[in-house]
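K.L.:
One letter stands for each residue in the lines below.
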Amino acid sequence: MRQSISGNLTGRPATLPAGLFCEPAAAPALVLGIGNLLLGDEGAGIRAVEELAARYALPPEVEAIDGGTMGLELLPYLAGRKLLILVDAVRTGAPPGTVVQMELADSSGFFREKISPHQIGMAEVLSVAAFTGDLPGRIVLIGVVPKEMATGLALSPEIASKIVVMADMVAAELTAAGFPLARRDPAAE
Amino acid sequence: MAKRITIDPITRIEGHLRIDCEIDGGRVTNAWSSGQMWRGIELILQGRDPREAWIFTQRICGVCTTVHAITSVRAVENALNLEVPLNAQYIRNLIIAAHGIFDHIVHFYHLSAVDWVDIVSALKADPKKSAQLAQQLSEWPDNSGATMKQVQERLKNFVDSGQLGVFASGYWGHPAMKLSPEVNLLAATHYFQALDYQRRINQVVAILGSKTPHIQNLAVGGVANPINPDSQSTLTIERLYHVKSLIDEIGAFIKQVYMVDVAAVGAFYADWTRYGAGVTNYLSAPDMPLDTKGTIFDMPGGYIAKGEVGSFKAINAFGDEFFKQGVKESVKHSWYKGDGNRHPWEGETEPLYTKFEDKGKYSWVKSPTFNGKPAQVGPLANVLCMFAAGDKATVKYTTQLLDTVSSLAGARVGVGALHSTIGRHAARAVRTAVLHDALVRHWEALIANIGKGDYATCNEPVFPRGEIRGVGFHEAPRGILSHWVVIDGGKIRNYQCVVPSTWNAGPRNSEEALGPYEAALIGNPVADPQRPLEVLRTIHSFDPCLACAIHLLDTEQRELFRVRTVA
Chain Y
1 MRQSISGNLT GRPATLPAGL FCEPAAAPAL VLGIGNLLLG DEGAGIRAVE ELAARYALPP
61 EVEAIDGGTM GLELLPYLAG RKLLILVDAV RTGAPPGTVV QMELADSSGF FREKISPHQI
121 GMAEVLSVAA FTGDLPGRIV LIGVVPKEMA TGLALSPEIA SKIVVMADMV AAELTAAGFP
181 LARRDPAAE
Chain H
1 MAKRITIDPI TRIEGHLRID CEIDGGRVTN AWSSGQMWRG IELILQGRDP REAWIFTQRI
61 CGVCTTVHAI TSVRAVENAL NLEVPLNAQY IRNLIIAAHG IFDHIVHFYH LSAVDWVDIV
121 SALKADPKKS AQLAQQLSEW PDNSGATMKQ VQERLKNFVD SGQLGVFASG YWGHPAMKLS
181 PEVNLLAATH YFQALDYQRR INQVVAILGS KTPHIQNLAV GGVANPINPD SQSTLTIERL
241 YHVKSLIDEI GAFIKQVYMV DVAAVGAFYA DWTRYGAGVT NYLSAPDMPL DTKGTIFDMP
301 GGYIAKGEVG SFKAINAFGD EFFKQGVKES VKHSWYKGDG NRHPWEGETE PLYTKFEDKG
361 KYSWVKSPTF NGKPAQVGPL ANVLCMFAAG DKATVKYTTQ LLDTVSSLAG ARVGVGALHS
421 TIGRHAARAV RTAVLHDALV RHWEALIANI GKGDYATCNE PVFPRGEIRG VGFHEAPRGI
481 LSHWVVIDGG KIRNYQCVVP STWNAGPRNS EEALGPYEAA LIGNPVADPQ RPLEVLRTIH
541 SFDPCLACAI HLLDTEQREL FRVRTVA
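Chains Y and H, in that order, give the protein sequences. Per my numbering, residue 1 is the first one in the first sequence, and the count goes up by one each step. Per my numbering, residue 1 is the first one in the second sequence, and the count goes up by one each step.
Please keep in mind that the hints were generated in silico from the structure rather than gathered at the bench. There could be a bad hint or two in this list.
[Said to hold, decoys possible] Here are the computed distance ranges between Cβ atoms for each label pair:
| id | chain 1 | residue 1 | chain 2 | residue 2 | range |
| --- | --- | --- | --- | --- | --- |
| 1 | Y | A182 | H | E357 | 43 to 49 Å |
| 2 | Y | A150 | H | Q132 | 56 to 62 Å |
| 3 | H | D196 | Y | G178 | 28 to 34 Å |
[As the list claims (entries may be wrong)] Pulled from the structure, derived: some chain H residues nowhere near chain Y, Cβ distances all over 10 Å:
| id | residue |
| --- | --- |
| 4 | V63 |
| 5 | L133 |
| 6 | H174 |
| 7 | S180 |
| 8 | I237 |
| 9 | D248 |
| 10 | V309 |
| 11 | A389 |
| 12 | V415 |
| 13 | R441 |
| 14 | E512 |
| 15 | A527 |
| 16 | R531 |
Heads up, the beta-carbon is just placed ideally off N, CA and C, and yes, glycines get one too.
Chain Y on its own, in the form it takes in the complex (with noise of 0.2 Å):
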C-alpha cells in the first residue's frame, strides 16, 4: 500500500480559477477526492483517485485533484464544471467496507444527513455553490464505509481492497457520461 503523500495527480497543473491568465479553461468533470491522509481510512477518497490516475489515462476533458480536508478553497474548482464526481469516505449506517455511489439530484438532502465526517468540507462547499450559481450540472458520489479512522497513514485491509473497485466505478461513471477513459497498458509501467 503506497504511504506517500500524493503530489500532482493528472501529471499536469490542476486548473487555476476561471479567468487566469495561463490555465486552460475548466475541464467539463471532475473528480475530486477528499479526506484526510492521515487519518487511515478517511484518506480512502484520495487513494482511490490516485488509483484512478494510476490505471486510465485521463482524456483532457476529465481533471482529478486531490482536495484533502479543504473547505471554500475548493470553491473555484466547481464552477464550470458539467459532472462531478466526488470520492470519499462517507457514513451511511452500512457496515465497514461497504461501498457505495449515489446522485446528489438535491444538494440541500446532502446537508440535511451529514453523511461525509468531514467539518467545513463539501458540504458547505457545496452549499455556497448553490448560492452563487456554480454547482456543477451533476453531482455522483462514490464512497466507502470507513472501518479504521485513527492515526496513521495506512489504510484498514478491509478499505484498502476497495479502492480498485472505486477507482474502476469512477472510470464506468465517467464513461456513461460521455468522458471514455482507457487503461493503460500495465506492462508499460
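Given chain Y's structure and the hints, the job is docking chain H onto it.
P.N.:
Only chain H this time, still in chain Y's reference frame:
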C-alpha cells in the same frame, strides 16, 4: 439557580469543539472548553526524513495547510542553522500574507458574520436605502441599489425554495440581533462579493505555491520555484505581474469594504466591546523575515502581560531564547497521562481518557502557558504587539478603524475597546490591511532582488550525526504556531505542534487558571439558553480551528448540532 448548557459541537468552525456554560441571571458564570478529538498526528512523523515533514504537516488541517507547511520547514532549518535565500523568504512571505488575507476574509464574511447579521431580515430591506447607507460609509464602486436588489432577489429565491443551505445554522430573529434590515442587506451583499475576492487572493497562493489546493513549492532550505525571467515554465516576470494585479484588486476590497463593515458592526454592537476580554496576556510571533538568517523581521511580535501595551517584550529572532524557554504545556485537565508541565521538545501524547469531569480531565486539548500563564493568541494579540512595537501600518489602520467606529457610534472608542469579543473582529480587519501593505512591499522586494540578478531559491540541507533540536514559528491567521522537532542522525525523533487554537481553546492549566475561551465567556449575556447566540459570538470571534488542535473523528456523532440544557 444556575443553568448548565452544553453546546456540542460548536458549528461553523473546523474541527470538533464542545463548550459548557453555567448561566445565572442571564450571564455566564462558569465555562469549560473541551476539544473532542484526540491529537496524535505527530506520531506519524517519528522516524521520518525531516525534509519531508512539511508534506505531512500540511495535511493536519484543511484550513491551515500552508501554515503548517511553512512552520515545519522553519523548524528543521532552525535545527540545522540553515540560511534561506532572500528570494525564498520573499516568496514564502507573499504566500503567508496572501493566505492570511484569504483566511480572515472567509472568517469574517462566511463563518462569523451570521452571528451578527440576520440574513432573513435582509429580505425586508429597501435596497435603495441600503445603497445610500453604503455610499455614505465608503467609496466602494459596487454598492449600488441595483446590486443590493440583485442580492436580495437571490436570497429570496433561496429562502423561497425552502432550503437555507449555507445559512441554515443562523439564529434568525434572535433578540440579540440588532441590525436594521438595510444594514443586514448591505452585509449580505458584501458576503456575496467577498466570495469572489477570497477566490482572487487565493490565486496568489496558487500561482506561487505551484499547485493548489496544497502548495508544492516548499523545501527545507528555501523554495522549489526555479526563477528564470526568460523561461515560460518557471516563475516568470509575467506571472509575477499577474500576482501584482491580483494583489491590487484585493486591496480595494479590504480597505473600502472589509474595514468599513467591521467598523459598522462594531459601532452598532458597541455593547460587545464590554464582553469577551478574558485572558489579556497576549503572545504573537514576529514574521516575514527580511534576511537569510531570520533575525530581521518586517512584522514584530512578542509578549504583552495583563493587557498593558507598555509591557511589550519583543521576540527577536527564529530560535529566540525568550520564546523557546517560555513555552510549556500542561495536561492536568487534558486526557493525557501525567499532570505536570512539559516543554514541547519533551512533550508526550499518551492518551488517558476519563469522562468529562468538571474538576478533573475534560479535554483532548493540552493547556499551553507562556512563562507560567495562559496567553491569548491571534490577530488581536498580533495587532496589540505590533501597535506596541510602533509598526506604522498597524498604528495607521487601527486608528483609522477606531475613528470610523467612533464617528458611527457618536462616542470616542479607544484602543482599550479592542480587549473584547468585537475587538477581535476589529483586530482581524486591521491585520488584514497590514498584511496587504506587506504583500505589496514583499512583491516589490522580490522583483528588485531578481532584478539584481539573484536567482537563488534554495540551500541544500545537510544533516549531522547525533541529535539536533529546532523550533519554527509563524504568525498564522489564528495566531502563533510553533513546531518543535528533535532530529537524531537525520531522522525525526520527536515532533510537537503547539497550534494557535491550543493556546486559545485549552482547558484550565495546572494552576487552575481558565483558558482564553473559558475566561472570555465569563460575564457574557445569554438571553435565551436554548439559543445561546451570544456564546457563539464570543467563541467564533477567536476563529476556532480545532482540526489540528486535536484529531480523530467521533464517528458516531450524527447530529449536526445540539444544545442541551440542564436545570
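K.L.:
Can you give the numbers of the hints that this structure goes against, from lowest to highest?
P.N.:
1, 4
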